[in-house]
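Turn these sequences into a full structure, and let the hints steer you where they fit.
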Amino acid sequence: MPAPEPLLEALREVQDPEMPVNIVDLGLVYRVRAQEARAIVDLTFTAMGCPAADFILEDVRECLLRQPGISEVVVNVVWDPPWTAARMTQDGRHALEMWGLAV
Amino acid sequence: MASANPAFDRLLKKGELIETVGEMTPEYLKELKHTLLVSGDTELISAPAYYLAAQRAPSINAFMTGIAIIQDELAHAHIAYHILEELGEDQEKLIFSRDPKSFRYPYAFDVPLETWTELIVANAMYDQAGFCLLGDIHEQCSYGPWKRGLNKVMLEENFHLRNGRTWCKRMSQAGGESREELQTAVDWMFPLTIEWFGLPDGMKMHSTQLEYRLKGKTNDQLRQWWMSLVVPYMEEIGVAVPAHKEVADDQETWVLDYPFPCTFDAEAKRWDFRDPCTWDDVMLRWRARGPRNAEMIQLFQEEFHNFRKSHAGA
Numbered sequence: 000m001p002a003p004e005p006l007l008e009a010l011r012e013v014q015d016p017e018m019p020v021n022i023v024d025l026g027l028v029y030r031v032r033a034q035e036a037r038a039i040v041d042l043t044f045t046a047m048g049c050p051a052a053d054f055i056l057e058d059v060r061e062c063l064l065r066q067p068g069i070s071e072v073v074v075n076v077v078w079d080p081p082w083t084a085a086r087m088t089q090d091g092r093h094a095l096e097m098w099g100l101a102v
Numbered sequence: 000m001a002s003a004n005p006a007f008d009r010l011l012k013k014g015e016l017i018e019t020v021g022e023m024t025p026e027y028l029k030e031l032k033h034t035l036l037v038s039g040d041t042e043l044i045s046a047p048a049y050y051l052a053a054q055r056a057p058s059i060n061a062f063m064t065g066i067a068i069i070q071d072e073l074a075h076a077h078i079a080y081h082i083l084e085e086l087g088e089d090q091e092k093l094i095f096s097r098d099p100k101s102f103r104y105p106y107a108f109d110v111p112l113e114t115w116t117e118l119i120v121a122n123a124m125y126d127q128a129g130f131c132l133l134g135d136i137h138e139q140c141s142y143g144p145w146k147r148g149l150n151k152v153m154l155e156e157n158f159h160l161r162n163g164r165t166w167c168k169r170m171s172q173a174g175g176e177s178r179e180e181l182q183t184a185v186d187w188m189f190p191l192t193i194e195w196f197g198l199p200d201g202m203k204m205h206s207t208q209l210e211y212r213l214k215g216k217t218n219d220q221l222r223q224w225w226m227s228l229v230v231p232y233m234e235e236i237g238v239a240v241p242a243h244k245e246v247a248d249d250q251e252t253w254v255l256d257y258p259f260p261c262t263f264d265a266e267a268k269r270w271d272f273r274d275p276c277t278w279d280d281v282m283l284r285w286r287a288r289g290p291r292n293a294e295m296i297q298l299f300q301e302e303f304h305n306f307r308k309s310h311a312g313a
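Protein sequences appear in the order of chains A and B.
Numbering follows numbering that gives the first Met the number 0, with no gaps: position 40 of the first sequence is 39.
Numbering follows numbering that gives the first Met the number 0, with no gaps: position 48 of the second sequence is 47.
Please keep in mind that the hints were generated in silico from the structure rather than gathered at the bench.
Just so we're clear, the structure is a prediction, and the values are computed from it rather than from any experiment.
The beta carbon of each residue, even a glycine, is placed where N, CA and C say it ideally should be.
Not one of these hints is a red herring.
If you only want the chain B side, here are some residues facing chain A, beta carbon under 7 Å, derived: (1) N60; (2) M63; (3) T64; (4) A67; (5) N150; (6) F158; (7) R161.
Here it is in C-alpha cells:
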C-alpha cells in the first residue's frame, strides 16, 4: 500500500490549466491517502465557479491511476475550509510571482 | 526599408524594443496600430461568436468553461484596444461606433457557430490559430508594451485549446452521431482556419509587418506551424483532416489535399474542393463579410447606445 507522501508528491505533476503552478503548491490538495488500492483525495478549487474544475479532476484521476498499487481514485471536492492565497506554498508563490501575479 | 529614418531602422535591426511613440516613425506607428486593431477586433468578435454557441453547453461545468473562455477573449481584446488608446485612438469609438463591415477580424467568425460541437472545434482550431499568431508576436514583436502584455494571453489560449482538444477527443471516442457531428464541423472549419493566415507568401508583394518586426513569421510559416499542431492531434483522435505531412531533405512540410483557395458556401457551411477559385474571389467574399457579421457587432453595440439614450448620466 503506497504511503500518502508519494501520492502528494505525484500530484505536483498536475498543473493548474490557467496558471503556471501545480495544484499542490497552489494549495488545492487538502488531504490524500491510500486505502488498499484506492486513493482518496480531498481537494478544493480557488473559486466555486472554477472553469477548470473538470480538467483538474480529470488530471488528478489520471495522475493517481498511474501510481503503483493504485487502481481506484475517489475525489472529494470540499469547500470547508475555503481556499485563500495563504494556502499556497513558498514555491507556488514564487512561481506566480515569476509569471507576474502579485500574491 | 519603407521608412526614411536610418537610425530607427538600425534600432529595429539590432532587435531593440520600441517603448514610446516618441521613438517611432509615422509609418511604424501606422502599421503598429493596424496590427493591434486586427488583433483587438479578432479577440473581441470571438466573444459574441462563442457566446451564441456556449448557450448550447451540455452541462453547467461546460457552460462555465465556455463563459470563462469568453471572459478571457474580452480581456485579450482589452489589451489591444488599451494600447491603441495609449497610442492616441479612441477606444470607445473603435468598439461601439464603427460600421460592422469595417471590423478587421478573420472571415471565419462570420460563419455561425451553432452547436457545442462547433464551439469546441473552434477552441481546437481557431484558438490554435490565435495561439500561433499571438505566440509569434509575443516572441518577436518590436513594440515592448504589447510583447509584455501577451505573457498571460499565451497561457489562457492554452486553456482554450485544452477545452477544444478534450472535447474533440470525447466526441470522437463516443462514436456514432457524436463522431459524425464532430467530423462535419471539422470538414468546414479546417479549411476556414487555413484561409485565416492569408495570402500565400509567393503572392504577397511585401510585408511591412515583418519589416518592422511587428511579427516574425510569414503567412505560410504560420500556416505550417498551425498544421503541425492540429493535423497530428486530429489524426491521433481519429478525425480526418484534408492535409498530410511530406518529408524531403529532413524538412517537414504540411501539404493540403485540396485546391487552395477554393469556393465556400457559407450558408450551407460547405467547401467545394472540385471548384478552385482565385485569391481575388476570396478577397471579395471576405470584404462582403459573412452571415453573422452584423448580428454579432450589434450584440455589443446596440445596448451601449440604447442604455445611454434611456439612462442619461448613469
